[in-house]
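All chains should be modelled from the sequences, with the hints used to inform the complete structure.
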Amino acid sequence: GQNIDQPTEMTATEGAIVQINCTYQTSGFNGLFWYQQHAGEAPTFLSYNVLDGLEEKGRFSSFLSRSKGYSYLLLKELQMKDSASYLCAVRGGSSNTGKLIFGQGTTLQVKP
Amino acid sequence: GAVVSQHPSWVICKSGTSVKIECRSLDFQATTMFWYRQFPKQSLMLMATSNEGSKATYEQGVEKDKFLINHASLTLSTLTVTSAHPEDSSFYICSTEGAPNSPLHFGNGTRLTVT
Chain A
13 GQNIDQPTEM TATEGAIVQI NCTYQTSGFN GLFWYQQHAG EAPTFLSYNV
63 LDGLEEKGRF SSFLSRSKGY SYLLLKELQM KDSASYLCAV RGGSSNTGKL
113 IFGQGTTLQV KP
Chain B
98 GAVVSQHPSW VICKSGTSVK IECRSLDFQA TTMFWYRQFP KQSLMLMATS
148 NEGSKATYEQ GVEKDKFLIN HASLTLSTLT VTSAHPEDSS FYICSTEGAP
198 NSPLHFGNGT RLTVT
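In order, the protein sequences belong to chains A and B. Take the first sequence: its position 11, counting from 1, is numbered 23 in our numbering, and each next residue is one higher. Take the second sequence: its position 5, counting from 1, is numbered 102 in our numbering, and each next residue is one higher.
Rather than coming from a laboratory, the hints here were simulated on the basis of the structure. Ideal placement from N, C-alpha and C gives every residue a C-beta, glycine not left out. Please note: incorrect hints may appear among the correct ones.
Claimed, not checked - Over 10 Å on every C-beta distance to chain A, these chain B residues come out as not near it, computed from the model:
hint, residue
1, 113
2, 131
3, 159
4, 164
5, 172
6, 173
7, 184
As the list claims (entries may be wrong) - Here are some chain B residues pointing at chain A (derived, C-beta under 8 Å):
hint, residue
8, 139
9, 140
10, 143
11, 146
12, 150
13, 190
14, 194
15, 198
16, 200
17, 201
18, 203
19, 204
20, 205
21, 209
Said to hold, decoys possible - Keeping only pairs whose Cα atoms sit at most 30 Å apart, straight-line, the calculated BS3-like set for lysine-lysine is:
hint, chain 1, residue 1, chain 2, residue 2
22, B, 138, B, 117
23, B, 163, B, 138
24, B, 161, B, 111
25, B, 117, B, 163
26, A, 93, B, 152
27, A, 123, A, 88
28, B, 138, A, 80
29, A, 69, A, 123
30, A, 123, A, 93
31, B, 117, A, 88
32, B, 138, A, 69
33, B, 111, B, 138
34, B, 138, A, 123
35, B, 152, B, 111
36, B, 152, B, 117
As structure tokens, this is what we get:
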């Protein structure tokens, strides 16, 4: 089967750093994606990892360890607008263009 | 990146009626599109994979006779919720298949409310 786990909720303070973890067990692996979703809106793409290591993009970084089935999303210099749900998604199987399987999402609340 | 247009943004219908949701890829031809559903405070659940010119592939537990998918052209896939019931009220989102090693691009979603 396929299983993707991430914490349900997290709270952090404006200006701080927060790390959202994701563990996965899937049939095949063709990349791990992080999306941000505000309530009532479609997800927006944040980052992508297919090889082990850290990918940095501005205030957001994402890390992947394929041997451990583990990823995290790091958000720096938190802003109030970062309050949203963060979705970890894995592209399994043998195709590098195929469907994504999503975790349950982590709701992040940023407080002043 | 790819642009995906989804219509309508929201729809309210009476129980027992059918609702059609359209998903168009505006700047490239999509042989495959994905349909997801999201209930409140839950994540996206894949419903089916829409294949141009052939039958859709449904995920386990999704009724193919209730959720009709048509992918008649390379730029348009439609999802029809037949005989809708209140429990079908949800957020439905389509996406195109990504380019190799690229993310999916989502439509803006359709909020369906069945009364």
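For each hint, the structure was consulted:
1. Its beta-carbon lying about 26 Å from the closest one in chain A, residue 113 of chain B satisfies the requirement of being farther than 10 Å from that chain.
2. Distance check on residue 131 of chain B: its Cβ comes as close as 5 Å (rounded) to a Cβ of chain A, failing to clear the 10 Å threshold; non-interface status is violated.
3. Its beta-carbon lying about 13 Å from the closest one in chain A, residue 159 of chain B satisfies the requirement of being farther than 10 Å from that chain.
4. The Cβ of residue 164 of chain B sits about 16 Å from the closest Cβ of chain A, beyond the 10 Å cut-off, so the non-interface label holds.
5. Interface exclusion of residue 172 of chain B from chain A stands, the closest Cβ pair being 17 Å apart, more than 10 Å.
6. Non-interface status of residue 173 of chain B relative to chain A is upheld: no Cβ of that chain comes within 10 Å, the nearest being about 18 Å off.
7. In this structure residue 184 of chain B is separated from chain A by more than 10 Å, as the shortest Cβ-Cβ distance comes to about 20 Å.
8. Interface restraint check: residue 139 of chain B against chain A, minimum CB-CB distance 7 Å, threshold 8 Å, status holds.
9. About 5 Å separates the beta-carbon of residue 140 of chain B from the nearest beta-carbon of chain A, less than 8 Å, and the hint is met.
10. Hint on residue 143 of chain B holds. Least Cβ distance to chain A is approximately 6 Å, under the 8 Å limit.
11. A distance limit of 8 Å between C-beta atoms decides the matter here; for residue 146 of chain B the minimum to chain A is near 6 Å, and the interface restraint holds.
12. Here the hint on residue 150 of chain B is broken, as its CB sits about 17 Å from the closest CB of chain A, past 8 Å.
13. Interface hint status for residue 190 of chain B: upheld, as the beta-carbon distance to the closest one in chain A is roughly 6 Å, under 8 Å.
14. Residue-level restraint check for residue 194 of chain B holds (minimum Cβ-Cβ distance to chain A is 5 Å; threshold 8 Å).
15. Interface hint at residue 198 of chain B: satisfied, since its Cβ lies 5 Å from the closest Cβ of chain A, which is below the 8 Å cut-off.
16. Nearest Cβ of chain A to the Cβ of residue 200 of chain B: about 4 Å, under the 8 Å cut. The hint holds.
17. Here the hint on residue 201 of chain B is kept, as its CB sits about 6 Å from the closest CB of chain A, short of 8 Å.
18. This hint holds: residue 203 of chain B has a C-beta 4 Å from the nearest C-beta of chain A, less than the 8 Å allowed.
19. Because the closest C-beta pair between residue 204 of chain B and chain A is about 6 Å apart, less than 8 Å, the hint holds.
20. For residue 205 of chain B, the shortest C-beta to C-beta distance to chain A is roughly 5 Å, which falls under 8 Å, so the interface hint holds.
21. Look at residue 209 of chain B: its Cβ only gets to about 13 Å from chain A, farther than 8 Å, so that hint breaks.
22. Among the hinted pairs, residue 138 of chain B with residue 117 of chain B is consistent with the structure: their alpha-carbon atoms are about 24 Å apart, no more than 30 Å.
23. Proximity of residue 163 of chain B to residue 138 of chain B is assessed by CA-CA distance (about 24 Å); at most 30 Å being required, the pair is judged to hold.
24. The straight-line distance between the Cα atoms of residue 161 of chain B and residue 111 of chain B is roughly 21 Å, inside the 30 Å bound, and the hint therefore holds.
25. The suggested pairing of residue 117 of chain B with residue 163 of chain B holds, with an alpha-carbon distance near 12 Å, which does not exceed 30 Å.
26. At most 30 Å may separate the alpha-carbon atoms for a hinted pair to count; residue 93 of chain A and residue 152 of chain B exceed this at roughly 41 Å.
27. Taken as a hint, the residue 123 of chain A and residue 88 of chain A pair is honoured in the structure, with Cα atoms around 14 Å apart against an allowance of 30 Å.
28. Distance hint between residue 138 of chain B and residue 80 of chain A is fulfilled; the C-alpha atoms sit about 28 Å from each other, no more than 30 Å.
29. For the proposed pair residue 69 of chain A and residue 123 of chain A, the alpha carbon gap of about 23 Å is at most 30 Å, so the pair holds.
30. For the hint pairing residue 123 of chain A with residue 93 of chain A, the CA-to-CA distance comes to about 10 Å; that is within 30 Å, so the pair holds.
31. About 42 Å separates the Cα atoms of residue 117 of chain B and residue 88 of chain A, which puts this hinted pair outside 30 Å; it is violated.
32. For the proposed pair residue 138 of chain B and residue 69 of chain A, the alpha carbon gap of about 27 Å is at most 30 Å, so the pair holds.
33. The straight-line distance between the Cα atoms of residue 111 of chain B and residue 138 of chain B is roughly 24 Å, inside the 30 Å bound, and the hint therefore holds.
34. Pair hint residue 138 of chain B plus residue 123 of chain A holds up; C-alpha atoms about 20 Å apart against a cutoff of 30 Å.
35. At most 30 Å may separate the alpha-carbon atoms for a hinted pair to count; residue 152 of chain B and residue 111 of chain B meet this at roughly 28 Å.
36. Distance check on the hinted pair: residue 152 of chain B and residue 117 of chain B sit about 17 Å apart at the alpha-carbon level, within 30 Å; holds.
Violated hints for the displayed structure, listed by number in ascending order: 2, 12, 21, 26 and 31.
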